[in-house]
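J.: If you want the building blocks of each chain, they are given just below.
Number of protein chains: 2
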Amino acid sequence: MKEIERKFLVKGEFKSFAYQVIPILQGYLSSLPERTVRVRLYGERAYLTIKGISDAKGVSRFEWEKEISPEEARELMKICEPGVIDKSRYLIRVDAHLYEVDEFHGDNTGLILAEIELLSENEVFVKPEWLGEEVTGNPCYYNSFLVKCPYTKWMDK
Amino acid sequence: MKEIERKFLVKGEFKSFAYQVIPILQGYLSSLPERTVRVRLYGERAYLTIKGISDAKGVSRFEWEKEISPEEARELMKICEPGVIDKSRYLIRVDAHLYEVDEFHGDNTGLILAEIELLSENEVFVKPEWLGEEVTGNPCYYNSFLVKCPYTKWMDK
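Chains as they are written, first to last, in the working numbering: chain Y, 1 to 157; chain C, 1 to 157.
Simulated from the structure, these hints should not be mistaken for laboratory data.
Among these hints, one or two may not hold up.
[Stated by the list, open to error] Chain Y residues, not near chain C, derived (Cβ > 10 Å throughout):
no. : residue
1   : A18
2   : H105
3   : P128
[Stated by the list, open to error] Taking lysine to aspartate or glutamate pairs in the EDC-like style, the calculated list, with each CA pair at most 16 Å apart, reads:
no. : chain 1 : residue 1 : chain 2 : residue 2
4   : Y       : K15       : Y       : D102
5   : Y       : K66       : C       : E71
6   : Y       : K66       : C       : E67
7   : C       : K66       : Y       : D102
8   : C       : K127      : C       : E100
9   : Y       : K78       : C       : E63
[Said to hold, decoys possible] Pulled a few chain C residues facing chain Y out of the computed Cβ check, cut under 10 Å:
no. : residue
10  : L29
11  : T36
12  : K51
13  : F62
14  : W64
15  : K66
16  : L76
17  : I79
18  : L91
19  : E103
20  : F125
21  : V126
22  : M155
From the three backbone atoms N, C-alpha and C, an ideal C-beta is built for every residue, glycine too.
Please work from the sequences and hints to get the whole structure.
T.: Here it is in structure tokens:
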């Protein structure tokens, strides 16, 4: 499966538009962009996800995912790379699309990212007013980079 | 699950003792010993396996495994680290135990390794006469190392 995603910073109040909020904890068995292996606790559920490298535009990326038990996820997290991503995901519908807005905690406090998944690279979608600058394909905003280089340690913000 | 394994070189004729031979192809999404993520085609089946680091003696190691489809394995192999392990596994019963004897091909031709899985670290087992020197815990014989540093390139053999 290829996923087509676009990613944006968030510049305004968005929380009141959410119909659900999900706590997420995730660690990496491999944080290399060429072969990312992620363990994620997503609310009451858990997943193992493997992603390949993005294409040149950073929009389309090979993705493989299997649901695992939360106990398995917790066991696997023990052997993950140091640093775990802790965030709250707000689900917001805007017209026909779903925005996933991640508010980061811990070492990434202050960072809020919105992501939208599209069926094709040319698909039209509505940008709500709280949506900020697009950062699709910018590796600094990959969660796998934020593990090693968290937002609160960035110099140039 | 913790696995307790001991690993040996093979010094004599062993093939006639095998009751089954299975072709194996395996690649690594992460070959770090702290968090190995392996994709394996095993005969007609396929598995994703994650292993943690060994204890000090190199005998006991955290292991997690899920069966996946051969098609998924082939997709995942495309994004694995360069180099794939190609070997034939001979299954040999010796008294109550199973020896898995791997004859390597490709860049690891010439290398033959036997492995036995035990229920406890002190379990007694029979060593058949074709069994050579023990190499348990020697990282040079990890498959994840053989990907990067194959046997035919070793200087000191």
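J.: If a hint holds in the structure, say so; if it does not, say that too.
T.: Consistency of the hints with the structure:
Distance to chain C confirms Y/A18 as a non-interface residue, since its nearest Cβ pair spans about 33 Å, more than 10 Å. Residue-level check passed: Y/H105 sits 24 Å from the nearest beta carbon of chain C, beyond 10 Å. Remark: the non-interface label on Y/P128 is consistent with the geometry, its nearest Cβ contact in chain C lying 34 Å away (cut-off 10 Å). In summary, the hint linking Y/K15 to Y/D102 is supported, as the alpha carbons are separated by about 11 Å, within the 16 Å threshold.
Simply put, Y/K66 and C/E71 have alpha-carbon atoms about 14 Å apart, close enough for the 16 Å limit, and the pair holds. Between the alpha carbons of Y/K66 and C/E67 the distance comes to roughly 11 Å, so the proposed pair stays at or under 16 Å and holds. For the hint pairing C/K66 with Y/D102, the CA-to-CA distance comes to about 29 Å; that exceeds 16 Å, so the pair is violated. The hinted pair formed by C/K127 and C/E100 meets the criterion: a straight-line CA distance of about 13 Å does not exceed 16 Å.
Simply put, Y/K78 and C/E63 have alpha-carbon atoms about 12 Å apart, close enough for the 16 Å limit, and the pair holds. Evaluation of the C/L29 hint against chain Y yields a held restraint, the C-beta minimum of about 5 Å falling below 10 Å. Below 10 Å, beta-carbon pairs count as interface contacts, and C/T36 has one with chain Y at about 9 Å; its hint therefore holds. The criterion of a C-beta within 10 Å of any C-beta in chain Y is met by C/K51, whose closest approach is roughly 8 Å, and the hint holds.
Because the beta carbon of C/F62 sits about 6 Å from the nearest beta carbon in chain Y, less than 10 Å, this interface hint is met. Because the closest C-beta pair between C/W64 and chain Y is about 6 Å apart, less than 10 Å, the hint holds. Contact between C/K66 and chain Y, as hinted, is supported at the beta carbon level, the nearest pair being about 6 Å apart and thus within 10 Å. Annotation: C/L76 was flagged as interfacial toward chain Y, and the flag holds, the nearest CB pair being 6 Å apart, inside 10 Å.
At its closest, the beta carbon of C/I79 sits 4 Å from a beta carbon of chain Y; the interface hint therefore holds under the 10 Å criterion. Annotation: C/L91 was flagged as interfacial toward chain Y, and the flag is violated, the nearest CB pair being 28 Å apart, outside 10 Å. Interface restraint check for C/E103: the shortest CB-CB distance to chain Y comes to about 28 Å, outside 10 Å, so the restraint is violated. Annotation: C/F125 was flagged as interfacial toward chain Y, and the flag is violated, the nearest CB pair being 28 Å apart, outside 10 Å.
Because the closest C-beta pair between C/V126 and chain Y is about 33 Å apart, greater than 10 Å, the hint is violated. Annotation: C/M155 was flagged as interfacial toward chain Y, and the flag is violated, the nearest CB pair being 29 Å apart, outside 10 Å.
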